[in-house]
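J.: First to last, the sequence lines map onto chains V and Y.
Residues are numbered in the working numbering as their position in the first sequence, beginning at 1, plus a constant of 8.
Residues are numbered in the working numbering as their position in the second sequence, beginning at 1, plus a constant of 548.
Just so you know, the hints here were simulated from the structure itself, not pulled from any lab data.
Computed from a predicted structure; not experimentally measured.
There may be inaccurate statements among the hints.
Said to hold, decoys possible - Computed Cβ-Cβ distance ranges for the label pairs, DEER-style: (1) Y:Ala740 <-> V:Ala32: 39 to 49 Å; (2) V:Ile39 <-> Y:Lys665: 23 to 33 Å; (3) Y:Lys767 <-> V:Ala40: 23 to 33 Å; (4) V:Trp28 <-> Y:Ala613: 20 to 30 Å; (5) V:Val36 <-> Y:Asp606: 37 to 47 Å; (6) Y:Tyr572 <-> V:Trp28: 45 to 55 Å; (7) Y:Lys665 <-> V:Val36: 19 to 29 Å; (8) V:Leu35 <-> Y:Leu628: 31 to 41 Å; (9) V:Trp28 <-> Y:Val716: 42 to 52 Å.
Stated by the list, open to error - One-sided and incomplete, this derived list gives chain Y residues near chain V with beta-carbon spacing under 7 Å: (10) Lys665; (11) Pro667; (12) Ile680; (13) Phe684; (14) Ile718; (15) Gly729.
Ideal Cβ placement from N, Cα and C applies to all residues, glycine included.
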Amino acid sequence: MAVATLSTGMVGGSMGLSFWDCFAIILVVNIASCLLPAWTASFGLTGLRMTTFS
Amino acid sequence: MALLNALIHSWHLNNIHSRYSFGYWGNLLVVVFSMVSTTGWNVINSISGASVLAALSDNKCPQWAGVIIICTTVWIICALGITWIHRVDAYLWIPPMIVWCVAAGTGASSLHGAAIKSPTGANGAAAALSFIAVVFSFAVSWINCAADYNVRMPVNTPRSRIFFATYVGILVPTILVQTLGAALYSGTETSAAWKLAYNVYGVGGPLKMALEPAGGFGKFLMVLAGLSSIPVSYIPTFLPVRFTNVE
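The following block holds chain V by itself, in its conformation from the complex:
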């Protein structure tokens, strides 16, 4: 993960949230939201388009 991911983690603190509140949000939200890209990745065909044409 790039430095933009690090930057995203800093946003909570800059909004006034404590570290542990930030950690709880990061943990719970990512566990749920990362299911979406994993789901669409399993379709596979966006990649097929790239392989076909490049």
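Dock chain Y against chain V, hints included.
T.: Just chain Y now, kept in the frame of chain V:
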């Protein structure tokens, strides 16, 4: 369920479906939306990386120059094609991982879990909901390009395996690095120097302070951190090309 099935069906056909659904000119609108999305992603990445390079050089390499360096490198590697993108991406995850591990170790003494007290009531709810939205939007931004990282897998690879690999591959580093970011920010509340560095350089400031105990090696790691924006920008940069190819 009918709506869900329709969505899945359309996503299976993906770009071809957009071409036949929207027509020639309508699909150009899809291309524009894709370009807007890609631009937003690359803006965040390149500015974050450039802030690290600016902090490292004490602004001798200003942010605008860092953005040009990062975006030009991304463009050059994209021009080489998807095969080279995957070759490069197969190894470029290693340097950032070393950077984050060293930063967590050398900066640990300045990090304090109780440095900030969360606001209560409506202000606390507003801050929490806003942060939830930011974290959610970061994770789901992988949706339109996550599959492109799997194109070199055998066609008979089970979908469950792709799902699991993608889920773990995005989830684990995202949680670890975002948590490190939250921890590094706590240093700005207990140290005036860290606070000043954050105000001047943004994300690059606290990272520089955390890596400072490592001396010259820390500066080298700062360069790697700044350039870590490059590998995550290849695939999104390819997105508009993908849709345009359908034309």
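J.: It remains to establish, for every hint, whether it holds in the given structure.
T.: Now for the hints, and whether the structure bears them out:
1. Y:Ala740 <-> V:Ala32: 39 to 49 Å: At roughly 28 Å between Cβ atoms, alanine 32 of chain V and alanine 740 of chain Y fall outside 39 to 49 Å, so the hint is violated.
2. V:Ile39 <-> Y:Lys665: 23 to 33 Å: Taking Cβ atoms as reference, isoleucine 39 of chain V and lysine 665 of chain Y lie about 26 Å apart, which means the hint holds.
3. Y:Lys767 <-> V:Ala40: 23 to 33 Å: violated, 38 Å
4. V:Trp28 <-> Y:Ala613: 20 to 30 Å: Violated - the Cβ-Cβ distance for tryptophan 28 of chain V and alanine 613 of chain Y, about 38 Å, lies outside 20 to 30 Å.
5. V:Val36 <-> Y:Asp606: 37 to 47 Å: Cβ of valine 36 of chain V to Cβ of aspartate 606 of chain Y: about 39 Å, so the range 37 to 47 Å holds.
6. Y:Tyr572 <-> V:Trp28: 45 to 55 Å: Between tyrosine 572 of chain Y and tryptophan 28 of chain V, where Cβ atoms are some 53 Å apart, the hint holds.
7. Y:Lys665 <-> V:Val36: 19 to 29 Å: holds, 20 Å
8. V:Leu35 <-> Y:Leu628: 31 to 41 Å: 37 Å Cβ-Cβ, so the 31 to 41 Å window holds.
9. V:Trp28 <-> Y:Val716: 42 to 52 Å: Because 24 Å falls outside the window, the suggested range is violated.
10. Lys665: holds, 6 Å
11. Pro667: With a closest approach of 5 Å, the proline 667 of chain Y hint holds.
12. Ile680: Since chain V brings a Cβ to about 6 Å from isoleucine 680 of chain Y, closer than 7 Å, the hint holds.
13. Phe684: holds, 5 Å
14. Ile718: Since chain V brings a Cβ to about 5 Å from isoleucine 718 of chain Y, closer than 7 Å, the hint holds.
15. Gly729: holds, 2 Å
Hint compliance for this structure: hints 1, 3, 4, 9 are not met, and every other hint is.
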